[in-house]
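Number 45 in the working numbering belongs to position 45 of the sequence shown; there are no gaps in the numbering.
The hints are simulated quantities; they were obtained by calculation from the structure and are not laboratory data. One or more hints might be untrue.
[Stated by the list, open to error] Computed spacing ranges between beta-carbons, pair by pair:
#, residue 1, residue 2, range
1, R127, E180, 33 to 41 Å
2, H43, R127, 42 to 50 Å
3, R120, E95, 15 to 23 Å
Beta carbons: idealized from backbone N, C-alpha and C, even for Gly.
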Amino acid sequence: MRADAARNIAAVLRTGARLLADDPSTSISAIAAEAGVDRTTVHRRFATREALLGAVFQAKLDSAERVLDEARLTQAPVPVALHRYVEGIIPVSREWPLDTRRMMRQDPEADRRRAEQSGRLDAFVRRAADEGHLRPGTDPAWARAVLDQLVDAMAHRFPDVAPPQAADLVVDTFLNGVGEV
Numbered sequence: 001m002r003a004d005a006a007r008n009i010a011a012v013l014r015t016g017a018r019l020l021a022d023d024p025s026t027s028i029s030a031i032a033a034e035a036g037v038d039r040t041t042v043h044r045r046f047a048t049r050e051a052l053l054g055a056v057f058q059a060k061l062d063s064a065e066r067v068l069d070e071a072r073l074t075q076a077p078v079p080v081a082l083h084r085y086v087e088g089i090i091p092v093s094r095e096w097p098l099d100t101r102r103m104m105r106q107d108p109e110a111d112r113r114r115a116e117q118s119g120r121l122d123a124f125v126r127r128a129a130d131e132g133h134l135r136p137g138t139d140p141a142w143a144r145a146v147l148d149q150l151v152d153a154m155a156h157r158f159p160d161v162a163p164p165q166a167a168d169l170v171v172d173t174f175l176n177g178v179g180e181v
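Based on the sequences and whatever the hints tell you, model everything.
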């Protein structure tokens, strides 16, 4: 693929993710116009709206997978791995704001990948609990839900906070809370 064609596809995918996050019924024409490419360019690469949506899901999953791998969730000390994960996943959440959990159910392969990635995070949170980084008796499922909400809030409600500082805040809040004990 030529460099300009690759840039156009990347622009279409990122624009599609942003517009579809705001309105899941956004048309291919609207995405093409916002991305600054001709509608036929998009249709040549993506025969249907579902094909474009699938490509957006795969791009988001690819980005999240790289973050999970680079965080070294099973090897690095829990606080270090957590910081790496949060610092990496916040830009992914900002770049690909589409909520894939609901929409991916129509794409079994994408949903399988999402579930696999979620399982890696579940195992990491259980490891954090087992190693004493969470308060005794904390349900790992609850802790995972809190982590997801912290990341989501930082990514979308505080978009001006740079990823390293965002990770500092999220990790400190997750591991230490916000109140005095």
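So, going through the hints one by one against the coordinates:
Here the CB-CB span from R127 to E180 is close to 27 Å, at odds with the stated 33 to 41 Å. About 46 Å separates the C-beta atoms of H43 and R127, a value consistent with the hinted range of 42 to 50 Å. Restraint check, R120 to E95: a C-beta distance of roughly 20 Å satisfies the suggested window 15 to 23 Å.
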